[in-house]
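I would like the entire structure built from these sequences, with the hints used as guidance.
In the order they appear, the protein sequences are chains A and B. If you count by my numbering, then the first sequence holds residues 1 to 290, one letter each, in order. If you count by my numbering, then the second sequence holds residues 1 to 290, one letter each, in order.
A hint or two may mislead.
[As the list claims (entries may be wrong)] Here are the simulated DSBU-like pairs of lysine-lysine, each with C-alpha atoms no more than 30 Å apart in a straight line:
#, chain 1, residue 1, chain 2, residue 2
1, A, Lys245, B, Lys144
2, B, Lys214, A, Lys40
3, B, Lys144, A, Lys144
[Stated by the list, open to error] With the C-beta cut set under 10 Å, the calculated list includes, among others, these residues of chain A facing chain B:
#, residue
4, Pro18
5, Ala139
6, Ala143
7, Thr147
8, Met149
The set of hints was computed from the structure by calculation and includes no laboratory data. Where is the CB? At the ideal position from N, CA and C, for every residue including glycine.
So you can see what is in the structure, the chains are spelled out below.
Number of protein chains: 2
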Amino acid sequence: MQHPTYMGALDAWRPRTPHYQQFTWDFEDKGFLSAADRAKFIYTVPNYSNPTGVLVGQQDRRALLALVREKRIWLVEDDPYSCMQLDGNSGPSILALDAADRNEDIYSGPVIYLGTLSKSLAPGFRVGWVVGNPEVIRALTLAKQCTDMTGSMFSQAVALELIEQKVESQMIDGLLSTYRERRNALCAALSTHLGDWFEWEIPSGGMFVWLKAKRADLDTTRLYRVAIEHNVMFCPGSAFDHAGKMHTTMRLNFTRSAPDVLEEGVRRLARALEDSLSKLASGSSRLAVQ
Amino acid sequence: MQHPTYMGALDAWRPRTPHYQQFTWDFEDKGFLSAADRAKFIYTVPNYSNPTGVLVGQQDRRALLALVREKRIWLVEDDPYSCMQLDGNSGPSILALDAADRNEDIYSGPVIYLGTLSKSLAPGFRVGWVVGNPEVIRALTLAKQCTDMTGSMFSQAVALELIEQKVESQMIDGLLSTYRERRNALCAALSTHLGDWFEWEIPSGGMFVWLKAKRADLDTTRLYRVAIEHNVMFCPGSAFDHAGKMHTTMRLNFTRSAPDVLEEGVRRLARALEDSLSKLASGSSRLAVQ
Numbered sequence: 001m002q003h004p005t006y007m008g009a010l011d012a013w014r015p016r017t018p019h020y021q022q023f024t025w026d027f028e029d030k031g032f033l034s035a036a037d038r039a040k041f042i043y044t045v046p047n048y049s050n051p052t053g054v055l056v057g058q059q060d061r062r063a064l065l066a067l068v069r070e071k072r073i074w075l076v077e078d079d080p081y082s083c084m085q086l087d088g089n090s091g092p093s094i095l096a097l098d099a100a101d102r103n104e105d106i107y108s109g110p111v112i113y114l115g116t117l118s119k120s121l122a123p124g125f126r127v128g129w130v131v132g133n134p135e136v137i138r139a140l141t142l143a144k145q146c147t148d149m150t151g152s153m154f155s156q157a158v159a160l161e162l163i164e165q166k167v168e169s170q171m172i173d174g175l176l177s178t179y180r181e182r183r184n185a186l187c188a189a190l191s192t193h194l195g196d197w198f199e200w201e202i203p204s205g206g207m208f209v210w211l212k213a214k215r216a217d218l219d220t221t222r223l224y225r226v227a228i229e230h231n232v233m234f235c236p237g238s239a240f241d242h243a244g245k246m247h248t249t250m251r252l253n254f255t256r257s258a259p260d261v262l263e264e265g266v267r268r269l270a271r272a273l274e275d276s277l278s279k280l281a282s283g284s285s286r287l288a289v290q
Numbered sequence: 001m002q003h004p005t006y007m008g009a010l011d012a013w014r015p016r017t018p019h020y021q022q023f024t025w026d027f028e029d030k031g032f033l034s035a036a037d038r039a040k041f042i043y044t045v046p047n048y049s050n051p052t053g054v055l056v057g058q059q060d061r062r063a064l065l066a067l068v069r070e071k072r073i074w075l076v077e078d079d080p081y082s083c084m085q086l087d088g089n090s091g092p093s094i095l096a097l098d099a100a101d102r103n104e105d106i107y108s109g110p111v112i113y114l115g116t117l118s119k120s121l122a123p124g125f126r127v128g129w130v131v132g133n134p135e136v137i138r139a140l141t142l143a144k145q146c147t148d149m150t151g152s153m154f155s156q157a158v159a160l161e162l163i164e165q166k167v168e169s170q171m172i173d174g175l176l177s178t179y180r181e182r183r184n185a186l187c188a189a190l191s192t193h194l195g196d197w198f199e200w201e202i203p204s205g206g207m208f209v210w211l212k213a214k215r216a217d218l219d220t221t222r223l224y225r226v227a228i229e230h231n232v233m234f235c236p237g238s239a240f241d242h243a244g245k246m247h248t249t250m251r252l253n254f255t256r257s258a259p260d261v262l263e264e265g266v267r268r269l270a271r272a273l274e275d276s277l278s279k280l281a282s283g284s285s286r287l288a289v290q
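The structure is reproduced here in structure tokens:
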């Protein structure tokens with residue numbers, strides 16, 4: 001499992017009480033390779049991952065593909081953000097790499113590719129798709145049928161009409177332009193107000209900036225409580241860790257709010273941090289910095 | 001569990017490999033009462049049940065309610081067909097009976113009531129609801145979130161608009177009139193063509209007629225294969241039995257097809273039955289009647 005990981009995926013797996021093994025694209029790692037031998041599947045979000053915004057390069061994609069081919073395990077490629085390329089181009093999906101090598105009429109490889117209309121057309125349709133080999137599709141179809149019979153046919157029909165009318169493709173440039181402006185506004189505000197405390201990389205796509213505290217004792221789960229008092233919210237990094245750790249990280253979303261709202265949010269976050277620090281100095285029991 | 005049972009419910013429960021105990025509204029039955037002590041919940045479709053079309057009377061509803069109160073177990077009241085009353089009135093749901101006794105601002109009883117728009121407005125919306133006490137709703141909300149985050153908000157918004165514009169209530173009389181005509185056509189055709197072989201009750205609502213073979217050796221699962229050759233389909237009773245038995249029963253739907261199509265379907269079914277009987281007489285290995 002790519003780590004940290006989308007919390008919705010962790011939620012979906014939780015009832016099965018899985019054993020997790022995180023990986024960091026270092027495929028020489030003995031612990032990971034040994035875990036891969038026993039794994040049911042590997043999970044990755046190569047494009048602008050939630051929560052980190054990381055883009056996985058083509059070389060790492062090929063290395064992961066080689067690994068799952070060798071180990072004969074499934075690779076779940078979750079790809080909601082492929083349409084959200086703000087700078088440059090993310091290149092082919094792992095599915096596309098595998099399919100190009102195979103050159104089959106019907107794909108029979110190990111990649112189970114997940115797509116969605118949620119980031120382009122509308123999240124409210126709840127329409128997505130899976131590409132995988134027929135064995136996988138049959139199993140998923142049965143599981144879906146036993147879960148909810150089917151998703152909304154009405155949503156699917158309307159979404160299909162919108163795609164065929166090219167509404168989705170006409171929307172995407174405007175969306176990306178808006179999101180690019182918001183990302184830039186957020187990152188600029190972060191540099192102004194929080195550069196002393198956190199570090200981050202400017203994401204080349206997706207919806208999120210991932211902040212890492214420079215101080216190991218800056219606890220974002222505690223900061224979160226203080227931030228709420230200052231009328232600003234963020235997602236503490238611990239939500240994306242199957243072990244509930246990563247307490248020095250946080251995820252900020254830049255797609256939902258206009259630039260001035262993002263700037264005000266960062267100002268409030270900076271005040272929340274100052275508040276936490278002064279409480280620390282005065283010995284209060286409620287601390288963001290321990 | 002009311003028996004036979006909706007196959008979608010059986011499908012939903014199958015992954016949990018449950019133990020089933022059927023009941024027949026005889027609450028003196030020792031085996032059932034003993035099973036109820038260990039049950040997680042009781043499942044019932046009191047209005048025009050799928051597959052039998054049976055309407056559970058008010059006295060039986062009260063008896064079941066008394067039982068779950070005494071045993072302190074959940075009662076899942078699945079009620080998709082309450083809007084499909086063709087003759088007479090089904091009376092209050094078990095939820096309504098319990099809520100009337102309790103007279104609470106927030107319902108805290110043992111009934112978990114399931115409703116849907118699928119039989120009135122449109123199945124394609126996939127919009128339904130649950131009424132239950134807050135403890136149940138919290139658990140279901142979490143389970144739903146971990147399964148698919150949420151149903152289609154677009155479908156829900158459109159459905160709400162249609163309800164508020166009274167489209168649902170304006171549709172229902174026309175629907176019921178159409179369905180009544182179809183039920184009558186199906187039952188008349190059955191009397192003409194299959195009265196020697198099957199018995200049934202004319203359902204006072206819902207979507208189905210439940211046929212029971214008069215001969216114990218008339219196997220509807222085998223008849224089904226012959227019927228397909230005659231270009232007619234039905235649902236063998238075994239699909240509604242958790243043990244896959246009930247081989248002398250079948251479910252016929254009357255809401256989907258126009259009267260002339262239903263009549264032609266019954267004629268084909270009668271020919272398929274004759275075909276099976278003649279194959280039996282000639283010693284063929286492919287038999288509907290063993």
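Chain B contact restraint for A/Ala139 - C-beta distance below 10 Å: Status violated, d = 12 Å.
Next item in the hint list is A/Ala143. Is there a CB on chain B closer than 10 Å to its CB? At about 8 Å, which falls below the 10 Å cut-off, the nearest Cβ of chain B leaves the hint on A/Ala143 intact, so it holds.
Can you confirm whether the C-alpha distance between B/Lys144 and A/Lys144 stays at or below 30 Å? The hint holds at about 13 Å.
Would the hint on A/Pro18 be counted as holding, given a Cβ-Cβ threshold of 10 Å to chain B? violated (13 Å)
Per-residue hint verdict: A/Thr147, partner chain B, C-beta under 10 Å: At 6 Å from the nearest chain B Cβ, A/Thr147 passes the 10 Å test, so the hint holds.
30 Å Cα cutoff - pair A/Lys245, B/Lys144: Holds, at roughly 25 Å.
The hint names A/Met149 as touching chain B; please verify it with the least Cβ-Cβ distance against 10 Å. holds (6 Å)
Just to be careful, I want the Cα atoms of B/Lys214 and A/Lys40 compared with a cutoff of 30 Å; is the pair within it? Between B/Lys214 and A/Lys40 the Cα gap is close to 51 Å, so the pair fails against 30 Å, i.e. violated.
Violated hints for the displayed structure, listed by number in ascending order: 2, 4 and 5.
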